[in-house]
Amino acid sequence: MRELQAQNQRSRLKLEAKAAKAKLALSEFIQLRRVTFFSNYALALFIILTLNFALPRLMPGDPFQAIYGEEALLVITPELEAEIIQRFSLDKSMTEQFAAYIFALLRGDLGYSYYYSEGVLDVILDFLPWTLLLTGSALIISTLIGLFLGITSGYRRGKALDKGLLALLMFLNGFPDFFVGILLLIVFGVTLGIVPLSGAITPYSGFGGINLVKDILHHLITPMTSLVLVWISTTYLLARNTMVTILGEGFIVTARAKGCREREIEYRHAGRSSLLPVVTSTGLHIPHLITGALFIEIVFSYPGVGLLLYNSLLTRDYPMIQGILLMVTVSVLIVNLMVDLLYQKLDPRVNNAR
Amino acid sequence: MHVNVWGEVIGSNVGKFGLFLIGLMVTLAVFAPVFTPYSPSEKTGGKAFAPPSAEHLLGTNDARQDIWTRLIYGARTSLAVGFGVSLLSTFISVLIGGTSAIFGGFYDRFWMRFVDALLAIPSLVVIILVATYLRPNLLLMIVLLSALTWPGGARVIRAQTLSIKERMHVSAAQTFGAGWSHILFRHIVPDLGPILVAMMIQDARRAVFMEAGLSFLGVSDPSMISWGKMMQFARVFTYMEIWKWWLVPTGMALSLTLIGLSFTGFAIETALDPRLRRGQGGHGTGHDIGHDIGHVDGHGGD
Numbered sequence: 523m524r525e526l527q528a529q530n531q532r533s534r535l536k537l538e539a540k541a542a543k544a545k546l547a548l549s550e551f552i553q554l555r556r557v558t559f560f561s562n563y564a565l566a567l568f569i570i571l572t573l574n575f576a577l578p579r580l581m582p583g584d585p586f587q588a589i590y591g592e593e594a595l596l597v598i599t600p601e602l603e604a605e606i607i608q609r610f611s612l613d614k615s616m617t618e619q620f621a622a623y624i625f626a627l628l629r630g631d632l633g634y635s636y637y638y639s640e641g642v643l644d645v646i647l648d649f650l651p652w653t654l655l656l657t658g659s660a661l662i663i664s665t666l667i668g669l670f671l672g673i674t675s676g677y678r679r680g681k682a683l684d685k686g687l688l689a690l691l692m693f694l695n696g697f698p699d700f701f702v703g704i705l706l707l708i709v710f711g712v713t714l715g716i717v718p719l720s721g722a723i724t725p726y727s728g729f730g731g732i733n734l735v736k737d738i739l740h741h742l743i744t745p746m747t748s749l750v751l752v753w754i755s756t757t758y759l760l761a762r763n764t765m766v767t768i769l770g771e772g773f774i775v776t777a778r779a780k781g782c783r784e785r786e787i788e789y790r791h792a793g794r795s796s797l798l799p800v801v802t803s804t805g806l807h808i809p810h811l812i813t814g815a816l817f818i819e820i821v822f823s824y825p826g827v828g829l830l831l832y833n834s835l836l837t838r839d840y841p842m843i844q845g846i847l848l849m850v851t852v853s854v855l856i857v858n859l860m861v862d863l864l865y866q867k868l869d870p871r872v873n874n875a876r
Numbered sequence: 013m014h015v016n017v018w019g020e021v022i023g024s025n026v027g028k029f030g031l032f033l034i035g036l037m038v039t040l041a042v043f044a045p046v047f048t049p050y051s052p053s054e055k056t057g058g059k060a061f062a063p064p065s066a067e068h069l070l071g072t073n074d075a076r077q078d079i080w081t082r083l084i085y086g087a088r089t090s091l092a093v094g095f096g097v098s099l100l101s102t103f104i105s106v107l108i109g110g111t112s113a114i115f116g117g118f119y120d121r122f123w124m125r126f127v128d129a130l131l132a133i134p135s136l137v138v139i140i141l142v143a144t145y146l147r148p149n150l151l152l153m154i155v156l157l158s159a160l161t162w163p164g165g166a167r168v169i170r171a172q173t174l175s176i177k178e179r180m181h182v183s184a185a186q187t188f189g190a191g192w193s194h195i196l197f198r199h200i201v202p203d204l205g206p207i208l209v210a211m212m213i214q215d216a217r218r219a220v221f222m223e224a225g226l227s228f229l230g231v232s233d234p235s236m237i238s239w240g241k242m243m244q245f246a247r248v249f250t251y252m253e254i255w256k257w258w259l260v261p262t263g264m265a266l267s268l269t270l271i272g273l274s275f276t277g278f279a280i281e282t283a284l285d286p287r288l289r290r291g292q293g294g295h296g297t298g299h300d301i302g303h304d305i306g307h308v309d310g311h312g313g314d
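Chains L and E are the protein sequences, given in the same order.
Everything in the first sequence is counted per this note's numbering, starting at 523 for the first residue and increasing by one.
Everything in the second sequence is counted per this note's numbering, starting at 13 for the first residue and increasing by one.
Check the hints yourself; a few may be wrong.
Pairs of lysine to aspartate or glutamate, DMTMM-like flavour, derived with a Cα cap of 25 angstroms [what the hints assert, rightly or not]: (1) L:LYS685 x E:GLU20; (2) L:LYS681 x E:GLU20; (3) L:LYS685 x E:ASP285.
Since the hints were made in silico from the structure, they are not lab data.
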């Protein structure tokens, strides 16, 4: 009897040890996952930094000239040149230059723009809010309209309305955004003259309060509409497809059987369930908020990051171009990282999927 | 695959329309000299900014060049970039994605880590920066765009290869001592068929858009005749009537090419997606399609 108990205890101890081992392995495993997960982002950042560092230095000629462009040389005094060469260690070896470059970035020093006579980071931060206003409002509106049209269309699959909407939106999706923008600008701005031709606010108007808001909206409406027209189809197709799938499911049949009205089935039963994938896909589009309006901003001279980039291309303001690239990359990486982390919290399966 | 994908693509209205548009553009591009008496860079005898007439179907631009001629020669650039990128980028995708799936282990982990990193980078801005320094001509443009397009495809190919390599004919080939390149190109690629074509069409669509966009920004080789560049020049003269026969036809040509490609791609993916086979087929849409179009729509911001 006693022997049996002892044996039992021994086997239990063995089992517990095994379980503890497994637990340890699991936590190690999760830690390893997390490390590789972050290393993705570290690697992406490293690729961009290297590209930013290497491109101007691979160009023929003086790296100083390549980094700052020929035009900048005309306005730079010898003292300033000496200071920049010293700051970026341009007279040292490549390794030291790379170290100096990284340390400058860590100090938040993205370089100096000769066109704007200001630090690169400060200029970018001036332009960024306009971009976020434009793309943010376009994303919200296109998602709402796309969702509504998708639900309407999916519920009437195969009917004339569905076919018409599908053809129209697929057609619209083919148009490049800058072409849509130019057309809207010509029709509503040049020919009809009901919207402003450029900018985000009327300069020197001295508007305040409600008038300022009106003025901003008046400038926002055409560029935003162009983006909405091109973006709508993404949400639309997704919502429509989800509707089609959901309509075949049991709870819709039940709703029909218990005599729910068509409108209720369309919106409260099926429509509500098609929300989730749409929200997910809209979330995935958040990283595009900074670069998504690049061409539209150029067409409408809307003072966002895209226009800043374009102007820097025209004036060959190389530090600015590199600064924007770095800024955009870092923000996209941060947003991606946050979305990924959020997903792991929301859906534990994602953790084990990789 | 037990489905006749090509038959279904040609049978659907969307597929027919898409293929028709692509065919139209290819015809214009290939036989460009047949459709016009001028050469694209030639300064014609007429006035600058001439309106459409019998000699100049779409009038002339500020440099007295025939706009119609430049339009159909521009199709050559767009289609060459689209075709080139879809070939090169798909080739890299198959090579990296396929070998990763076949070899597995450290090699697989290394490449997939690299692919994930590349996918996290906003490619539009990167390519603008690189193009600013390099001013790419046609060939370099194809290489640059491919370098940023292949990672997405590599993930798809890897996933597909992982399942295909378990099939009987692949293990039979392995038993007979076939090397990885034989297995990849003789056994796996033929099985990938329609998926590869769908991928190539998507890559081509994206490349055509990106080339036009880069030229529109003015960061490509100045001697290239390109729709994006024509729109960029035409945009300056919107206060004159000329936009009606300079800007609009060019933009429409670009849009119709993109629409042709996306409709064809849509038809192929519809034929491939088993979830869309029930009910009234032919005009369904799939989750993946919606997502993929959205992917393209980020305009490279992804």
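Point to revise | Index of numbered hints that the structure contradicts, given in increasing order | key: Per hint list: zero violations.
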